[in-house]
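Here's the letter readout for the chains.
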Amino acid sequence: GESVGLHLPTLSVQEGDNSIINCAYSNSASDYFIWYKQESGKGPQFIIDIRSNMDKRQGQRVTVLLNKTVKHLSLQIAATQPGDSAVYFCAENLGSQGNLIFGKGTKLSVKP
Amino acid sequence: GAVVSQHPSRVICKSGTSVKIECRSLDFQATTMFWYRQFPKQSLMLMATSNEGSKATYEQGVEKDKFLINHASLTLSTLTVTSAHPEDSSFYICSASQGQNIYGYTFGSGTRLTVV
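Protein sequence lines correspond, in order, to chains D and H.
The first sequence begins at 1 in the working numbering and counts up by one.
The second sequence begins at 1001 in the working numbering and counts up by one.
Keep in mind that the hints were calculated from the coordinates and are not lab data.
Note that this is a predicted model, so its numbers are computed, not measured.
In this text, a Cβ means the ideal position worked out from N, Cα and C, and glycines have one as well.
Keep in mind that the hints are not guaranteed to be accurate.
Taking lysine-lysine and the DSS-like style, the derived pairs with C-alpha atoms no more than 25 Å apart in a straight line are [said to hold, decoys possible]: (1) LYS1041/H / LYS71/D; (2) LYS104/D / LYS42/D; (3) LYS56/D / LYS71/D; (4) LYS1066/H / LYS1020/H; (5) LYS1014/H / LYS1066/H; (6) LYS1020/H / LYS42/D; (7) LYS104/D / LYS1041/H; (8) LYS56/D / LYS104/D; (9) LYS1014/H / LYS1055/H; (10) LYS111/D / LYS71/D; (11) LYS111/D / LYS1066/H; (12) LYS111/D / LYS1041/H; (13) LYS107/D / LYS1041/H; (14) LYS42/D / LYS111/D; (15) LYS111/D / LYS68/D; (16) LYS42/D / LYS1041/H; (17) LYS71/D / LYS107/D; (18) LYS56/D / LYS68/D; (19) LYS56/D / LYS107/D; (20) LYS68/D / LYS42/D.
Derived coverage of chain D by chain H (criterion: at least 3 residues anywhere in the stretch with Cβ under 8 Å from a Cβ of chain H; other residues may be distant) [what the hints assert, rightly or not]: (21) 17-29; (22) 57-68.
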């Protein structure tokens, strides 16, 4: 289930299940979005990106869905594995500005 | 793939001293580098954006005289935390950008700063 902790919401899933992590972004003018995975004590690791002219993009075991109408982004992880346990952040980029704005993050815990 | 090296990974310093953190793009030229700060269980907060050869642009609330950023070359940016205090203890992360593509935002491994 999903719960909200002191700062980070947490999603707990069973190994092998699919995971869906959601993100609400802030700026309707953002045109590029990225999902990052961050393990404890490390920098963010690129997972998948999507541009605003698309509503779905698939990678290896991951799918990103973009709903611009409601400013919502989701990351789907198929057959979740213990190694997927980490904090996941969505990030948005406002065109030529260059800098990324990060969402609050979701901690994914995978139970073996 | 694009690699960004950040050094040191951990540093402990005394209050009042200064600490320098380096961020290097190893196999590409980074026209822009970004510095973020991350407190425990929180998201990354952008501190400043630096372009090679020009002054950094700081986000609101970030003291430019305390967090000195130098981006002297297309492969190196440094962040110096001057006169560090315990409240500056945090995880500092750099990111280097070539533009908006798959390699557009590559992050360093972060620096854990502890001020005692």
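A quick look at each hint next to the structure:
Between LYS1041/H and LYS71/D the alpha-carbon distance is near 24 Å, which keeps this suggested pair within the 25 Å criterion. The hinted pair formed by LYS104/D and LYS42/D meets the criterion: a straight-line CA distance of about 17 Å does not exceed 25 Å. In summary, the hint linking LYS56/D to LYS71/D is supported, as the alpha carbons are separated by about 14 Å, within the 25 Å threshold. Proximity of LYS1066/H to LYS1020/H is assessed by CA-CA distance (about 12 Å); at most 25 Å being required, the pair is judged to hold.
In summary, the hint linking LYS1014/H to LYS1066/H is supported, as the alpha carbons are separated by about 15 Å, within the 25 Å threshold. For a cut-off of 25 Å, the pair hint linking LYS1020/H to LYS42/D stands: about 19 Å separates their Cα positions. For the hint linking LYS104/D to LYS1041/H, the alpha-carbon distance of about 9 Å falls within 25 Å, and the restraint holds. A threshold of 25 Å between alpha carbons decides the hint, and for LYS56/D with LYS104/D the separation of about 22 Å falls inside it, so the pair holds.
Straight-line distance between C-alpha atoms of LYS1014/H and LYS1055/H comes to about 28 Å, which puts the hinted pair past the 25 Å bound. About 31 Å separates the Cα atoms of LYS111/D and LYS71/D, which puts this hinted pair outside 25 Å; it is violated. For the suggested pair LYS111/D and LYS1066/H, the alpha carbons sit about 43 Å apart, so the restraint of at most 25 Å is broken. The straight-line distance between the Cα atoms of LYS111/D and LYS1041/H is roughly 20 Å, inside the 25 Å bound, and the hint therefore holds.
For the suggested pair LYS107/D and LYS1041/H, the alpha carbons sit about 9 Å apart, so the restraint of at most 25 Å is met. With a C-alpha separation of about 22 Å, the suggested pair LYS42/D and LYS111/D falls inside the 25 Å cut-off, and the hint holds. In summary, the hint linking LYS111/D to LYS68/D is not supported, as the alpha carbons are separated by about 33 Å, beyond the 25 Å threshold. A distance of roughly 13 Å separates the Cα atoms of LYS42/D and LYS1041/H; the hinted pair therefore holds under the 25 Å criterion.
Only pairs whose Cα atoms come within 25 Å are accepted, and LYS71/D paired with LYS107/D is accepted, the gap being roughly 21 Å. Distance check on the hinted pair: LYS56/D and LYS68/D sit about 11 Å apart at the alpha-carbon level, within 25 Å; holds. Distance hint between LYS56/D and LYS107/D is fulfilled; the C-alpha atoms sit about 23 Å from each other, no more than 25 Å. Taking the CA atoms of LYS68/D and LYS42/D, the gap is near 31 Å; set against the 25 Å cutoff, the hint is violated.
With a cut-off of 8 Å between beta carbons, the region 17-29 of chain D has 0 residues touching chain H; three or more are needed, and the interface restraint is violated. Residues of the region 57-68 of chain D lying with their CB closer than 8 Å to a CB of chain H number 0, which falls below the three-residue condition for coverage.
The structure fails hints 9, 10, 11, 15, 20, 21 and 22 (numbered hints given earlier, in ascending order).
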